[in-house]
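2 protein chains.
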Amino acid sequence: MTTLMAEAGARPAAEDKEALFAALATRFGDRLSRSQALREQHANTLTWLKVQAPDAVLFAETTDEVADAVKACAAARVPVIPFGTGTSLEGHLNAPLGGLSLDLSRMNRVLAVHEPDLDCTVEPGVTRKQLNEYLRDTGLFFPVDPGADASLGGMAATRASGTNAVRYGTMRDLVLGLTAVLADGRIVTTGGRARKSAAGYDLTRLLIGSEGTLGVITSLTLKLYGIPETILAGVAPSTRWKAPCNATIAALQMGLPLARIELLDEVQIRGCNAYSDLTLPEKPTLCLEFHGTEAGTREQVEMFAEIAGGEGGGELDWAERQEDRNRLWQARHDAYWAARGLGPAADLIATDVCVPISALAACVAETKRDIERLGLLAPIVGHVGDGNFHVMPLIDPADATERANVQDFLDRLAERALRFEGTCTGEHGVGQGKIGYLAAEHGLGVDVMIAIKKALDPLNILNPGKIFAIP
Amino acid sequence: MTTLMAEAGARPAAEDKEALFAALATRFGDRLSRSQALREQHANTLTWLKVQAPDAVLFAETTDEVADAVKACAAARVPVIPFGTGTSLEGHLNAPLGGLSLDLSRMNRVLAVHEPDLDCTVEPGVTRKQLNEYLRDTGLFFPVDPGADASLGGMAATRASGTNAVRYGTMRDLVLGLTAVLADGRIVTTGGRARKSAAGYDLTRLLIGSEGTLGVITSLTLKLYGIPETILAGVAPSTRWKAPCNATIAALQMGLPLARIELLDEVQIRGCNAYSDLTLPEKPTLCLEFHGTEAGTREQVEMFAEIAGGEGGGELDWAERQEDRNRLWQARHDAYWAARGLGPAADLIATDVCVPISALAACVAETKRDIERLGLLAPIVGHVGDGNFHVMPLIDPADATERANVQDFLDRLAERALRFEGTCTGEHGVGQGKIGYLAAEHGLGVDVMIAIKKALDPLNILNPGKIFAIP
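Chains as they are written, first to last, in full-length UniProt numbering: chain A, 1 to 471; chain B, 1 to 471.
Accuracy of the hints is not assured; some may be wrong.
Which copy? The list can't say, so a pair holds if one copy fits it or any two copies do.
No farther apart than 20 Å at their CA atoms in a straight line, the calculated lysine to aspartate or glutamate pairs in the DMTMM-like style are these [as the list claims (entries may be wrong)]:
| hint | residue 1 | residue 2 |
| --- | --- | --- |
| 1 | Lys-17 | Asp-173 |
| 2 | Lys-223 | Glu-18 |
| 3 | Lys-242 | Glu-115 |
| 4 | Lys-129 | Glu-366 |
| 5 | Lys-242 | Glu-40 |
| 6 | Lys-17 | Asp-317 |
| 7 | Lys-50 | Glu-65 |
| 8 | Lys-368 | Asp-16 |
| 9 | Lys-71 | Asp-447 |
| 10 | Lys-71 | Asp-16 |
| 11 | Lys-71 | Asp-55 |
| 12 | Lys-129 | Asp-277 |
No lab work stands behind these hints: they were computed from the structure.
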């Protein structure tokens, strides 16, 4: 299955492109760059997909500047690829047709915080850690936590989630509204500050997860939460996946508000021990976190321990001190880098799928058998509460047979997730890497997506070659 | 401001329409009806908007039948208006251009319940009470509760919510996926059973709240929750709106998982006392509900009482017995009928707006001053936790001056909500009644909605004349 499709359609002659970049340089000065190093750094870097650098990089600083740049690119038929921090994993930032990488990292101001309303408005280049640092004194926090210190604009564009989605939801749930520049340079504001609205089509949700193909997000209004009075975290070594999955199911049915529930397999634990200087037993390991009042959190812990005991889960080891908790979650968040360290000079492919939670243990078991059969080194980390898991095969990029084997493995993984009524990606998005799976997952839905894309971006200017191949 | 706009565009000649209905009668027998009483009952009935009956009513029983009917209507350029239980409030069911009312109430089977995954799949005619009755033995429930025993398809189509959205979310949050018949009769399935997905555009959320203008929903997969171990409900009379709003803000900031928090004004309490045979003091009254474990719920109650005390709120009176709770919430749910009973032979207009919670008290106060100035009888009921409130002016439909006054009042209410950074409708939808407010709320967003509508329904077959006027 080929996963790198380019788009059909006429593109500008080289001299028109040059004229565009000359005009942009005049308008933006040295904020327009054609340096090769910068262009390559702005293409996809965190996957095994081939780097396809844009022709130029522009550092925009305001919504109006974004609008002007998009208008100019549209007039010249030059693609625009929005860029946040460059941490996406499926080739979202590649420029298969060339074009302008629109770097939004300098749009990094927190525009407003409304404490009584538990919301804030930020520019797209604000990262999640930056926002939480900014919010610290308010007692509020923004919960979505994909691991990387990604930009909030990028997180919205890829519908990111992460370890505590089971409790707080994903970007789909936590963006109240946004401002975006459309393909023709017009500026649209969707949603607002009301907690809910029934006023017309949900354009906010349409833009979230559209991966820059429908608009360039230039501000976001986000839901915030109060920092819980008490946080308890713990780890429990396990013998297999079934028991922790069943415990999670039982806990969710009882309404236990699990804040985080992660399962790292023995391979990943080995990597984390080495990378983060831990001494965890090399077994599948459940990492848990509970948020609440002091009494409520303790009650949750007791209830979960009872449930897990009933399901044959191991003893829970609780980290009450913040520094222990931080160490634990830092190790979890460094799973990607820890996995990279497991093998010599290897590329790492970070992929994810998501299935109904009742199918998680079986889907992981099949996947592990496939890994064994192929002799791959491929740690697995699961967001158990969502039925979402990551597999990170390490490969030698120079080994063509291994590449082909791993591509087959990825194809089977996506097919397996769909067979279990799941999705080919729970949180990484489609980008270039998963275009080939979308028809199997959505059928006619892909045609509907393309019809919407054509209606809103008839010239196919915005991040072309991502999500789907336009016929 | 005119709120009843018809659509431009050619419509079928009378004989083509007759040929269509003859063909449908042949195909569907007496499930196609042209009876005037049935046609009028299938138009808008719960608002003061003029009834615009469809030309015929078809009772569909399967997705394929819906697809066949839509295909036939599309071929004849005859509008299709999906119908669930007829409880929508903004004229969604009117047929300003005539057409076929597609009654889905016989598609009322629960297709699957997946207990470990906390989800179920239902046909669109299943009502929320029917589903919860069906689920009773599983210990699970579906929380969205708009008051009326509406169909789940209609609730999705109008992005309904209700009293416990503050805890469990709205239809936007609780529909995992759906099947819909598109304007050309093709059947699309969106979303799925995975808890989250980053696989392409969020077509599920696009259809939710599209009010039948983009597709006819023929099945839905819904998130379910465990019935809480303990439920505590209580009422507290209040002196004004500010204290309960502040208490709610403080409680939400502390992460107190309020399940329901409603504020009924003194006029509404008078109506409820009369209609539901209660003896509540005729004061603004807060109705609360907490869900959780036994210890957790009691802790919530204590914390809320402390917060409310600090804000100058009244003493809370707790209803621990289920029958007392049921009586309380039944009275709350009957607010619409109770309001109708406040005046003689009057029409009632049920409208709603939603603002950031910090603006709720001020927005309600301004609204109450406007009600007083106009001498209207208009109870107010607020979903305080969402910043959402309903106003229900009673009017004498024969009094043209009063009608004009009330229209001005509604216009000002919508403008006021927007001025407070809110929305012209939190949960009732746009239908015909609020078309006039959408441009002020969304600006260019309305053009984007229309572009999507034209891309997916170029003939403007699906529920034309709702949400926006197509130029």
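Evaluated hints:
With identical chains, the CA atoms of Lys-17 and Asp-173 are never at most 20 Å apart, being 39 Å at best within one copy and 44 Å at best between copies. Taking the closest pair of Cα atoms, Lys-223 and Glu-18 never come within 20 Å of each other, the shortest separation being 42 Å inside a single copy and 52 Å across copies. Taking the shortest alpha-carbon separations for Lys-242 and Glu-115, only the inter-copy value of 17 Å comes in at or below 20 Å, while the best intra-copy value is 42 Å. In this assembly of identical chains, Lys-129 and Glu-366 lie within 20 Å of each other by CA distance neither inside one copy nor across copies; the values are 36 Å within and 40 Å between.
In the homo-oligomer, the alpha carbons of Lys-242 and Glu-40 never lie at most 20 Å apart, since the shortest distance is 43 Å inside one protomer and 56 Å across protomers. In this homomeric assembly, Lys-17 and Asp-317 never come within 20 Å of each other (Cα to Cα): the closest approach is 60 Å inside a single copy and 72 Å across copies. Taking the closest pair of Cα atoms, Lys-50 and Glu-65 never come within 20 Å of each other, the shortest separation being 30 Å inside a single copy and 48 Å across copies. When the C-alpha separation of Lys-368 and Asp-16 is checked against a cutoff of 20 Å, the pair qualifies neither within a copy, at 51 Å, nor between copies, at 61 Å.
In this assembly of identical chains, Lys-71 and Asp-447 lie within 20 Å of each other by CA distance solely across copies; the values are 18 Å between and 27 Å within a copy. For the homomeric pair Lys-71 and Asp-16, the shortest alpha-carbon distance inside one copy (14 Å) is at most 20 Å, but the shortest distance between copies (46 Å) is not. For the homomeric pair Lys-71 and Asp-55, the shortest alpha-carbon distance inside one copy (17 Å) is at most 20 Å, but the shortest distance between copies (47 Å) is not. Within a single copy, Lys-129 and Asp-277 get their C-alpha atoms no closer than 23 Å, and across copies no closer than 54 Å, so neither meets the 20 Å cut-off.
Consistency with the previously given hints fails for numbers 1, 2, 4, 5, 6, 7, 8, 12, ordered from lowest to highest.
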